[in-house]
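Enquirer: Sequence:
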Amino acid sequence: MRSAKSSKNIALIGFSTTGKSTVAKRVAEYLHWEAIDTDDEIVKLSGRTIPEIFSQDGEDKFRQLERQALEKACLREKLVIATGGGAILRPENVKTLQKTCIIVCLEAKVQTIYQRLRRDALYSSNSVVRPLLSSKNPVTRIKQIKAFRQPYYAIADWTVHTDNLTVEEVSMEVVRGWQYVNRLIVNTEKDKKTDIACMVTMSSRSYPVFVGWGLLPRIGDKMCQAGLSGKAVIISDEIVGSSYGEQTERALRKAGFEVSSFLVPPGEASKNINRAVEIYDFLIRRRMERKDVVVALGGGMVGDLAGFVAATYLRGIPWVQVPTSLVGMVDASIGGKVAVDHPQGKNLVGAFYQPHFVLADVQILSTLPQRDLTSGWAEVIKHGLIMDAEFFKMLENDAEKLINLAPDITAQVIAHSACIKAKIVSEDEKETGKRIILNYGHTAAHGLEAATRYTTFRHGEAVAIGMMVDAKLSQRLGLLSKDIVQRQQALLKRFHLPTNCSGVDLDNVLAAMTLDKKVRNKAIQWVLLEDIGKATVRTDVPIKEVKNVLEEVIKP
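Quick note on the working numbering: the sequence shown kicks off at 1 and runs consecutively.
Since the hints were made in silico from the structure, they are not lab data. Keep in mind that this is a model prediction, so the values were computed, not measured. Honestly, I wouldn't trust all of these hints.
List time: in silico BS3-like cross-link candidates among lysine-lysine, alpha-carbon distance up to 27 Å [stated by the list, open to error]:
{"#": "1", "residue 1": "482", "residue 2": "493"}
{"#": "2", "residue 1": "555", "residue 2": "544"}
{"#": "3", "residue 1": "146", "residue 2": "95"}
{"#": "4", "residue 1": "555", "residue 2": "434"}
{"#": "5", "residue 1": "25", "residue 2": "109"}
{"#": "6", "residue 1": "393", "residue 2": "544"}
{"#": "7", "residue 1": "430", "residue 2": "493"}
Build out the structure end to end from the sequences listed, making use of the hints.
Expert: Here it is in structure tokens:
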């Protein structure tokens, strides 16, 4: 395992036209870092163009200047470095890069490189790339040079094949590689870790999810780094606001924001259109403009409500998610689903509207009421069940440590769970495809919540019961073994989550389920399991089987 200090920079290596310079700038924007191109630095050092250095002093002089530029860059931190194509041929350069950077190789096929070189020659005045086209058979020449360099590219920690990707897509793959490699590093040395657990990459917006211990005092700095300024309205509930509102206001004022707060009563009953109108009135009185910011400080209810207001006030103003519940940190805050409830169903009035970033201070969990904390583990367990069998096994192995909020393992698990959610929503922003698997356990859960007017169950409690409905349905349909159903039930119980309930009118549950957002052509889209880590969607579940399982799990 490499030293943790290798996480402080990203270095891009690869052949000409793989996009190192452009991608470096884009990645730096995502991470709020800086980007440099070593060729540009060489020009600054020498006061001459690259062709002038080669023609007047030769390649050796160029390589000396390249070495100086690279060494100088690698002394810095939070830098994305676009290296020259031949920089990795020098052992001393490789040693410097491996010591100070996560190295990402941008790859492309020979024919792709040739076509890009031709395009550059036609449409660009950049003469640096033209010598590769000057031979009789440029494709053969490119193939020879690339074959020679290929073993050197093996130093990369991550490789991105750029042939069929846009600059945006390549940049996101670089960030994903940085996240993955950096996570391996930070697990070995807590004190060296980055705050960014993952990036959510949407067509409308890409943004980081920060996860760490004691992050809340830094929210003002994070907002400034994200380019936000002006007025900030904190929307919170009365319990969270009384505990963390003053600290948040202080951090924002210190960063130069003009701050005010609006508190709502705690609980799902506050998530309605009437409460949203009260907040609109408050924003209007504060003369909030489109450049100003809404800060959602609270659990899933607050995030949904504040995000809905931000999405609809002035047709959309910036907002930031600061989840204070476990459900919020690993699920509700990630993906931009914002909504208010309707008396006929949960989240029936809403939108998809992405925040500028999510900041999850894990330390806050230590002050949560036990029932709220326990409820949150349902979403974490769900992520393992639908996407990651190894993660589910980790939860089984470390359940007691997590229940007791052991700092290191808790932060690691929350970050990983957030990454699972981010990966799914990044692939499907508006729930037209894969994102629906996140609703495992939620069809019956939403039915339970609506049937009891959102007053009986915490959301995670309802989801835990709903997951038992889905698991048993999966078993009845021959998709899932009895052993897996029992493993799911055992883990839910270890985290003190309910696996059944009583005293609920099943007719009301069924009626609410038919209004669920996942209904298509009057058929419920059931998210079921074929194995741990392998979810599937079915619309052909017989109503008789549904009723049988509901009667088994949800007793009147």
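Enquirer: Compare the distance between the alpha carbons of residue 146 and residue 95 with 27 Å, and conclude whether the hinted pair is satisfied.
Expert: Since the Cα atoms of residue 146 and residue 95 sit roughly 21 Å apart, the hinted pair holds (cutoff 27 Å).
Enquirer: Check whether the Cα positions of residue 393 and residue 544 lie no farther apart than 27 Å.
Expert: violated, 33 Å
Enquirer: Below or equal to 27 Å on CA atoms is what counts here, so check residue 430 against residue 493.
Expert: Violated, at about 33 Å.
Enquirer: Going straight from one Cα to the other, do residue 555 and residue 434 come out at no more than 27 Å?
Expert: violated, 32 Å
Enquirer: Would the hint linking residue 555 and residue 544 be met if the CA-CA limit is 27 Å?
Expert: holds, 16 Å
Enquirer: Between the alpha carbons of residue 482 and residue 493, is the straight-line distance 27 Å or under?
Expert: Distance ~17 Å between residue 482 and residue 493 Cα, so the pair holds.
Enquirer: Holds or violated: are the alpha carbons of residue 25 and residue 109 at most 27 Å from each other?
Expert: Distance of about 23 Å is within 27 Å: holds.
Checked against the numbered hints listed earlier, the structure breaks hints 4, 6, 7; every other hint is satisfied.
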